[in-house]
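Quick note, the sequences are listed as chains A and B, same order. If you're matching positions, the first sequence starts at 1 in the numbering used here and goes up one per residue. If you're matching positions, the second sequence starts at 1 in the numbering used here and goes up one per residue.
Please note that a few of the clues may not be correct.
As the list claims (entries may be wrong) - The calculated EDC-like cross-link candidates involving lysine to aspartate or glutamate, where the alpha carbons are at most 20 Å apart (straight line), are:
1) B:192 <-> A:72
2) B:253 <-> B:46
3) B:192 <-> A:217
4) B:176 <-> A:75
5) B:176 <-> A:173
6) A:47 <-> A:30
7) B:176 <-> A:72
8) A:228 <-> B:46
The set of hints was computed from the structure by calculation and includes no laboratory data.
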Amino acid sequence: MGNEILVEDKGNISVITLNRPDKLNAMNVELRNQLTKALRDFNRDPKKRVAVITGSGRAFSVGADISSIAEDLAEDLRGSFYPILREIRFSNKIFISAVKGVVAGAGISLALATDIRYVSKDSRFVMAFHNIGLAPDTGLALMMLRLGGVKFEKFILTGGEFNSEAAKDLGFEVVDDPLSEAMKKAEEIANGAYKSYSASKRLINRVIYSDLEEFLDYESAMQGALGKTYDFKEGIKAFAEKRKPQFRGE
Amino acid sequence: MNTVTYEIQGNIAIVRLNRPDKLNALNMELVWDFVQAFNEIEKNKEVKVVIITGNGKAFCAGADVSEMSNMSIEEVTRVGHAPMWERLRTFRKPVIAALNGITVGGGLELAMACDIIIAAESAMLGQPEINLGIIPGAGGTQRLTRTVGKYKGMEMVLTGKLISAWEAYRRGLVVKVVPDEALLDEAIRLAKEIASKSGFAVELGKEAVNKALDTTLQQGLDFERRNFYVTLMSEDGKEGMRAFIEKRKPNWKT
Numbered sequence: 001m002g003n004e005i006l007v008e009d010k011g012n013i014s015v016i017t018l019n020r021p022d023k024l025n026a027m028n029v030e031l032r033n034q035l036t037k038a039l040r041d042f043n044r045d046p047k048k049r050v051a052v053i054t055g056s057g058r059a060f061s062v063g064a065d066i067s068s069i070a071e072d073l074a075e076d077l078r079g080s081f082y083p084i085l086r087e088i089r090f091s092n093k094i095f096i097s098a099v100k101g102v103v104a105g106a107g108i109s110l111a112l113a114t115d116i117r118y119v120s121k122d123s124r125f126v127m128a129f130h131n132i133g134l135a136p137d138t139g140l141a142l143m144m145l146r147l148g149g150v151k152f153e154k155f156i157l158t159g160g161e162f163n164s165e166a167a168k169d170l171g172f173e174v175v176d177d178p179l180s181e182a183m184k185k186a187e188e189i190a191n192g193a194y195k196s197y198s199a200s201k202r203l204i205n206r207v208i209y210s211d212l213e214e215f216l217d218y219e220s221a222m223q224g225a226l227g228k229t230y231d232f233k234e235g236i237k238a239f240a241e242k243r244k245p246q247f248r249g250e
Numbered sequence: 001m002n003t004v005t006y007e008i009q010g011n012i013a014i015v016r017l018n019r020p021d022k023l024n025a026l027n028m029e030l031v032w033d034f035v036q037a038f039n040e041i042e043k044n045k046e047v048k049v050v051i052i053t054g055n056g057k058a059f060c061a062g063a064d065v066s067e068m069s070n071m072s073i074e075e076v077t078r079v080g081h082a083p084m085w086e087r088l089r090t091f092r093k094p095v096i097a098a099l100n101g102i103t104v105g106g107g108l109e110l111a112m113a114c115d116i117i118i119a120a121e122s123a124m125l126g127q128p129e130i131n132l133g134i135i136p137g138a139g140g141t142q143r144l145t146r147t148v149g150k151y152k153g154m155e156m157v158l159t160g161k162l163i164s165a166w167e168a169y170r171r172g173l174v175v176k177v178v179p180d181e182a183l184l185d186e187a188i189r190l191a192k193e194i195a196s197k198s199g200f201a202v203e204l205g206k207e208a209v210n211k212a213l214d215t216t217l218q219q220g221l222d223f224e225r226r227n228f229y230v231t232l233m234s235e236d237g238k239e240g241m242r243a244f245i246e247k248r249k250p251n252w253k254t
């Protein structure tokens, strides 16, 4: 295992950094497994209270690394994307994301799964699933529509891009330096009335995410079927050949 | 064997009801083909899990009414579709029903005679026999009621109204609802997961769960405890516990 994930230990705070800067932190299977392990270690450590998640280099994360996808997309999602989501969302601890640069696909999911979200002014949110014949996954449809509402329906339905300003509606706070803001907030929470924050997170989970598992089950079955279509194969091929895909709708 | 086909994929058998132009209605030919398919699958030592689904747009629309209406009461009573229900009752390997569409009457009874039910989201389920002036005859008042409860069971049996796959899910009749195009893949994933366990333990687990619907709680608990002792002493049980202690993956014999 390489160093796809860096973990910095700062007392009751951990800083978890996605570390494939030359690939804009695209989430290949090694990165996903290391991230899950880092999150698990953090969650199991009773001394730890807050984790800050960020990306090294120019981007937060461009999402799944499409040069390394499994044959069954459902198994990929269930085996290595959802565990990340669960470790963050169903932990009693607090997670803060510091987003800068490009954030796409499952990268957006990762940020949305955190409890507090900071983003730089010039960030770009990219929904590119449809460009390869897929539908949004890793809980994006559920999280985006519940957090941001109808404004985000078009991005779920047909994809596209939006900026940091628009991401405010998903609960992102736009700041000059997301990482230093995230660290400040992490200190505040870790050294404050921590139990009350942890309790409040669980209330939020009851309100917003009580059916997340059921949704993920459905979503992954759907993506598994899309992964067998002509359009998906064409989308992947076109991406590799840097040309426009010729979709057939089948 | 025309009205029921099956294929083996590794240690999974996929059985398909194959009268698509009749919505896979159960006639006597299908009953006997079904029995033969399961007899063959039972003998196949490789197979650990069976999936049943329907060819065409239905899972199964129930009994073939035109055939049934021409049978004498003696014929129906003495044989009828009983061979099929008996065949499933003594089948030890787990059977997953994958409902690809309409699942009514004997079709729902067939699904309920299986061990796990998953459904495509367009599937509709129900016991519409009442509309023909008859009532369900193979579990449609019994297995259904034990799952959805008296009042919903009563409503379904007395009105014949169908329920959607999602409603069936909410009532515990179906364990998972998936997009139509994902149904068979999902059934195979589930089958593979079960097939990755000890076949012997799976069989004893199936037997014990089924007992829960047949006995008082104490009888069921006694039965379960005996099956537990058996798994504890089985080759796979010993291997599984050893592997757990040694922090490695078990190598199942069955």
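Against the structure, the hints come out as follows:
1. B:192 <-> A:72: 13 Å, holds
2. B:253 <-> B:46: Holds - the C-alpha atoms of residue 46 of chain B and residue 253 of chain B are around 12 Å apart, at most 20 Å.
3. B:192 <-> A:217: 16 Å, holds
4. B:176 <-> A:75: 16 Å, holds
5. B:176 <-> A:173: Roughly 38 Å between the alpha carbons, so the hint for residue 176 of chain B and residue 173 of chain A is violated.
6. A:47 <-> A:30: 27 Å, violated
7. B:176 <-> A:72: 19 Å, holds
8. A:228 <-> B:46: 27 Å, violated
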